[in-house]
Amino acid sequence: VCIHRVRSCSSIRFIKSKYVCVFDKSALKFSHQQRLFRTSAVSCGQIVQFKLSDIGEGITEVTVKEWYIKEGDSVSQFDSICEVQSDKASVTITSRYDGIIRKLHYSIDDIAFVGKPLVDIEIDASKGVASEEDVVETPPMSHEEHTHQEIKGHKTLATPAVRRLAMENNIKLSEVVGTGKDNRILKEDILNYLAKQTGAILPPSPKAEIVPPQRRAEAVPAAPKDKARKIPVPVSRPIAFAGKDKTEPVTGFQKAMVKTMSAALKIPHFGYSDEIDLTQLVQLREELKPLAEIRGVKLSFMPFFIKAASLGLLQYPILNASLDENCQNVAYKASHNIGVAMDTEQGLIVPNVKNVQVCSVFDIAVELNRLQSLGSAGQLGTNDLTGGTFTLSNIGTIGGTYAKPVILPPEVAIGALGKIQVLPRFNSKGEVFKAQIMNVSWSADHRIIDGATMARFSNLWKSYLENPASMLLDLK
Amino acid sequence: MVLQSLKNCLWLPCVLRTPKACFWSTPSGGLIIQSVSNDVYQNLAVEDWIHDHMDLEKQQVLFLWRNSPAVVIGRHQNPWQECNLRLLRQKNIKLARRRSGGGTVYHDLGNINLTFFTTRKKYERMENLKLVVKALKALRPQLDVHVTDRYDILLDRQYKISGTAAKLGRTSAYHHCTLLCNADKFVLSSVLKSPFKGLKSNATPSVPALVKNLFEEDPSLTSEMLLDAIAKEYAVQHQIDHHITLINPADETLLPGISDKTKELQTWEWVYGKTPKFSISTCLNMVYKDSVLDVKVNMDVKHGRIEVCNIDLPEQWLPPVLYSELVKSLTGSKFCPNEITTLVTTLLRLCPQDDELHSRWSLLCENMIRLI
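So the protein sequences, as listed, match chains U and B. Start counting the first sequence at 1; every next residue gets the next number (the UniProt record's numbering). Start counting the second sequence at 1; every next residue gets the next number (the UniProt record's numbering).
There are no misleading hints in this set.
Coverage of chain B stretches by chain U, computed from C-beta distances (three or more under 8 Å per stretch; other residues unrestricted):
{"id": "1", "region": "70 to 76"}
{"id": "2", "region": "96 to 105"}
{"id": "3", "region": "162 to 171"}
{"id": "4", "region": "343 to 349"}
{"id": "5", "region": "356 to 369"}
Think of the hints as simulated: they come from the structure by calculation, not from any bench. These figures come from a predicted structure and were not determined experimentally. C-beta atoms are modelled at their ideal positions from N, C-alpha and C, and glycine is treated no differently.
The following block holds chain B by itself, in its conformation from the complex:
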């Protein structure tokens, strides 16, 4: 296996001026590239860049990448429904929304990602997955791996080791899939479980599956070995040299416009704001003094912002003026604990400095914020 830095490519400068042109024009039908970054946003931005700017007519591309801990949701999914956002924040695990469809996955360095770039016409997921299985079997013939008709790869007929998603544009398309080598299954199962109750939405739901790492089946396997085996099989099938070119997703001269794409993927508007409209209908059980209050809360959230908000409090529990100020502040606000905390604490400054009132207000707000 030869790892060649892209800077050594002689033909690069003359090709860079025409973005839509055949980019790293190797004299063959394929190119294998690997990212040097473990940042999920940077790597997703590379996918966007290749999809938007490369001419895949003459050569197809295989992109290999790994990420530091992150949860990646599909284009039309609801993060509140798919994962435990509070746990993600506590553990500093990133949340990203990709542009392809499909369900939610957990990435860490024990998981490898493969993206197959082709023209729209040559889009063929089954072929790609069969390539992966062939590579795995070439590496370890005793592995019982096969592709299902849901485009999953199963180990021993029952454990999911790979999930698939795809994005189709006007002229180009890509199919990417994961492959579990040695990921942290404990973290995976805890972050992919949402504590949210009473959420109604038409967002694409994920289908939970039993997973297993390839490492558990064969402890001699490493991510590097798997990446290499897959690259080798791709090279054979595309009749190209088996060498992997490294790319740096932060290199603006190599990938003009990449930093804008990276930034866009991190904005709140993309990650949370692209959530299809949903409603929540739940009940807060607040312990106040010696009794338990059942407070029904109903909210409609569109573009990640609270469109309609209803909190069913006992009459006069809060002064009506304050209650209406609360509802008014929440309406239009992002469905985000940070923003709601800021708003409710501000409102507390403006109401009479009555200890009883303050404790009721704090109780209500804390319970509400815990929802999100």
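Just chain U, same shape as in the assembly:
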């Protein structure tokens, strides 16, 4: 077993300066690099021109339609490189080599020729090529920095395959001691480092001796000769997690939500919640459901909630109003366009039922059916999504009891309905009975709505729903 002495810093710096005069770091481009590697005295990765192979049927040219890789990406054998098309046939071209893509010979929509070079690939050294190919100046890869670490100003030497192995195992090259020539990190060094982390048993390798470099602050424990023969005690350290963070731009539905809710921040919200006994309404709906079905309409609880809200708004019209930008005027809206929050595959949308004040419960049910089927198909029009004056959110269909809904500007109030639960309650005689209980949580704009108004509206709405027959008296 040989022990490698660590070269002093100066010699490494010397090698580095030799490169510096050959090419300037700032002007480094891939095509230039290719040339410089060939002309420099140091041995480098072998560039292979990967030619477009025969497609069959005597085809000589194809159109390049999509690249799956870009210059600088590392590829493995059989990875897809690009998609080309010829005469109704789409062909996936896969790599024959492991290595790094150095040059793409065509752009999208160019004609590529069979037998001519398609891409240039720098072949991986550790795959059995004689000369040791080091990449001192590793070009920026699509992965994070830790494939290319600096230890106090010196770049770590490692071949691309070794770098990939380190990256796949989430290892910082700066933490691995290289045992190769010039402090190069070899594959065995990575494996040894891993073995220490996970307590895995590895067969002893000739270069297993690791001597900590003098300049390191914390000493890596030197592996004595006999450790290779002893079974190491498993160290309970967490296994390296190979998951990666992902960043996506905010677009579409999410962007819409960001804009709406940011505007809603300006509204001082207050909340008011209550409990509604829907026992009678549940019974009523059971009776009416088959009648609605005969007419081809699905009847949920929402039409009742919406109609009751409209009746309440007739008494408390300020909840159906809008405050202008300067808080100078309150605009009372004549139409009760009640919005219904809808959860679709893409996200939250709030279509509204227009003019509830002149609709029957059945009319509302019909309209809700229409909006729901359009919403799930992603086909709601602008008219359905604009003009709302008041909103209800039936989050209870998914779950929950109390909520804190956010008002959708330019409205001034919103209600969130929890799920209907069967709970024990006392009746007027003091007996316990089974009640169908639902919670409602209102939010209102405290600039023009006060708690008392909200409470009275809620009580009126509650009374209509707890005693549905009373709705008959006030229906218009």
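Add chain B to chain U, keeping to what the hints say.
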């Protein structure tokens, strides 16, 4: 003809463990399978599955399938250019992008699809099409059908009854083609006509052709008869038993990983996002009050998302702040009416509650959304 359910195959359990191995290893050089599903995404997923997992060295496969109404575009095509997307949505016709090249086709139950799976080396489209023609002629000798050098099959020298496309991978390849038996020609011609004007793109364009159903030539023909005739000819040419094995594309144990493939084919990113970069340059003619406004709209769309957006409105027609908010919202958004509708209606919430402004905004947005 013997239809044998796959569950009866005795050798299946021992073979399933090795996905790349010879799958339904019949002791012969070929296998004929038919899908029990009419869902275009499931059936396309079966093609992907066979292409990725089956070893076609020892046996080739013929896959027979039919779909409920769907428009299928080629790998590198532009759906906005190829079909009437609004009509598709209205009629609930599915849109799918296949992995093979070629042009756009309309599928319904009156159209049969045939996929010939071979190794990359044995990829030979002409042979397959000649097989189909031979089968048709064996069934009805008086049919005037022949294969063109564009890999179409023509009836009576002028009507296209079959179109072809192919996919080649590293070791395997497939060639699939359609065959019009009794499809709805009226729907076909209306959905395959795009109303889009001013679209510039390098996507593969379709070549429109005059079509005819085989049923029109000979009303005694049915899809089942055609499928059977083709299967019979394939069996003869591959020296195998003439029996068709039924497969269920939803069976995850039989085809491990198939549900992921099916899901991927339905994602927006695949169907619309794989469209090659294109630009639109058009003019909206908006009728406002008593005049007509000509509004030029220019957009660049990449990966199905709006990269650049320019709307040429008369000065001060909309408050500049609102206009820039509109352009900012549209940039990066999917070129999709649903998403754009959501964005523009949201912006309406945030601007001053002025009726005049609202009506102008609604007019502009409605016209823009109608574009897509």
